Amino acid sequence: MTDTLQPETLPTEALAAPSPKAPVPIRARVSRSVAWILLAFLIFITLFPFYWALRTALTTNPDLFAGDNGLVPQNPTELNFLRVLGQATEEEIRISSGRENSGSFDYLQALRNSVIIATVIAVGQVFFSALAAYAFSRLRFAGRDKLFFLYLTGLMIPPVFTLIPNLLLIRGDFWLFQVSGESLDFLPFYESQGVFLLNTLPGVIAPFFLMTPFAVFFLRQFFLGINRSLEEAALIDGASHARIFRSVILPIATPQMVTLGVLTYVAAWNEYLWPLVVARAEEVQPMTVALGIFSSQQPGTAPDWAGLMAGTLLGALPVIVIFLVFGRRLVDSIQFSGIK
Amino acid sequence: MAEAVSDISGSTKKLNLYGGWRAAFPFLLPSLIGFFFFFLLPTGRGIYLSFTDWNLLANSGDFIGAENYDRLFDDSLFWKSVRVTIWYVVINIVTQTLLAIGIAVVMDRLTKSAFVRAVVLLPYLIPNVIVTLLFVWLLDPSFGIINEFIASIPIIGFESTYFTSIDGVIPTIAAVMTWRHMGYTALLIFAGLQTIPKSLYEAAALDGASELQILRRITVPLLRPVLALVLVITVIGSFQVFDAVQVGTGGFGGRPGGPINQSRVIYLYIFENAFNFNDLGYASAISVVLLVVLMIVTAFQLKILRAGESDLA
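Protein chains in written order, with this note's numbering: chain A, 55 to 394; chain B, -1 to 311.
Hints may be right or wrong, so weigh each one.
What follows is a set of in silico ranges between Cβ atoms, one per label pair, in the way DEER data are often shown [claimed, not checked]:
id, chain 1, residue 1, chain 2, residue 2, range
1, B, A149, A, P130, 22 to 32 Å
2, A, Q275, B, F298, 21 to 31 Å
3, A, A120, B, L96, 11 to 21 Å
4, A, P130, B, I148, 22 to 32 Å
5, A, A94, B, L303, 53 to 63 Å
6, B, S58, A, P130, 34 to 44 Å
7, B, L303, A, L108, 35 to 45 Å
Hints were generated in silico from the structure; no laboratory data involved. Owing to the predicted nature of the structure, the values given are computational and were not obtained by experimental measurement. Backbone N, C-alpha and C define an ideal beta-carbon position, used for all residues, glycine too.
Given these sequences and hints, build the entire structure.
Structure representation (structure tokens):
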């Protein structure tokens, strides 16, 4: 399934685009041209908003409100980007935002938080889910299929349903007993805000760190397809399951685990509702929440569009980099996950 | 040597080599912890909370039986949020699915270019918050380029205030979310198209079938299992719209859900009850209703679309 990206000479293509010798029916030619135009239009619609954001971010607010809305800005400026990054002087802020003090958010801090959250979630979730997937696809134990089915029912639960109970848990209320935050200093990135994991990065990360039903399901499907003969030979030679997992399964499954990792990374990067609830403190807010708050602080009339678009583009930049590096692999994996 | 091997595998393989909880436990432990604390426990607790008047700030509450559910029945804002959400889902799913089928078919027939498919996927990778902010600007009533463009077309001259329009806010959010998801959906459908034997198209073309006939008689029927899966995923996702409403209608000092409750979707109503009114019990009751509704919708869809079967068999 994954190699459908290669341009294959399929019978339909041969039919749709016959060799020059065979006369192409006019109707087919017309419909092909129309289809190409539609495709070009689709690409335009997809890319134009990004271009327009960039074009807006390169204009000062006063210019914008004075009607500078051509395809290319009249007086391009990088001041808005500097402003959002906190690198602009007061004079430059006044020029580019058109008012005395523009809103700003700590871009680098939000970036740092998003990178930590998404990286830790992607690595942890993929690794621990792979361990579980190994057990479900290779080991035999009582109740295995029932347990797997139970995991799958987790797919049906909408995130908002577990949002409130999870928040209580992160506040240290385990239903039967209450936990305080004093003994948690051993956790990485943990700076206690007083209430267990509330307003800490581990609190934002925790629900997605050890597993999601989808990750276990995805990897189990893949592991089931791996030929077992190598493992069986290793087992007979007395290798432990830990050893087989490490030296047989992991090397074979690395591409799929990277793919799942990238999908998980993007999903964690895009998460908004959960951090909005558990990361009320500015120091631990990821990019999505910081941008949302930045925008909600704008005045209702004449908001700081130039600054907002600069922040928006900077906020999307890391995902765009991931897209440029992994775009093709993501396309493959989404097709794979859809077909399974 | 060969005898020894067969001896070992014969006597112990079934019992020990693949075996038992003792071997499985270390592999399962992390996921069991994660599943227990963040799926199982909160599910039970969410149901329990819906029968209490739990307060977010006090972190306490009493068992009050089905009172929250009684209250739901008479809560006109709740029913409003249900209507708004369903209206959103209908617009979003219809436009998104039709466009995605169109894109997938065009890509399938026209080009195998990885570049095209990657571009098509791009919006799906951008966070909802960012997508919404982009469109709040593009659709700004006074300075947005889209209004400017539409107003410049003679005769049509149509203008809307989009995110602040009473009738337009839900269609606007649905359209923005369609923009973000149609490429992703198209890729899923595109993958399904690859499973249809090309010989069928050949035969149809030889018989002189038109493109539209091929689409109706071959592509769509054979695509049904994939389409069913895609619809289940996208409908469930669509019911959960939140980010776009919160950012798109709440930005710039306003309160999300407006104008006059026209965009207060069910997720937002749950969020408000929990975190603006601190009423976790009532918010949990609405969540339980949402969970049940989603399960019914899923089961219903799978039945209607006969997801398991393909006409290919």
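Hints, one by one, checked against the model:
no., hint, result
1, A149/B with P130/A: 22 to 32 Å, "holds (26 Å)"
2, Q275/A with F298/B: 21 to 31 Å, "holds (26 Å)"
3, A120/A with L96/B: 11 to 21 Å, "violated (41 Å)"
4, P130/A with I148/B: 22 to 32 Å, "holds (27 Å)"
5, A94/A with L303/B: 53 to 63 Å, "violated (33 Å)"
6, S58/B with P130/A: 34 to 44 Å, "violated (58 Å)"
7, L303/B with L108/A: 35 to 45 Å, "holds (42 Å)"
Checked against the numbered hints given earlier, this structure breaks hints 3, 5, 6; the rest are met.
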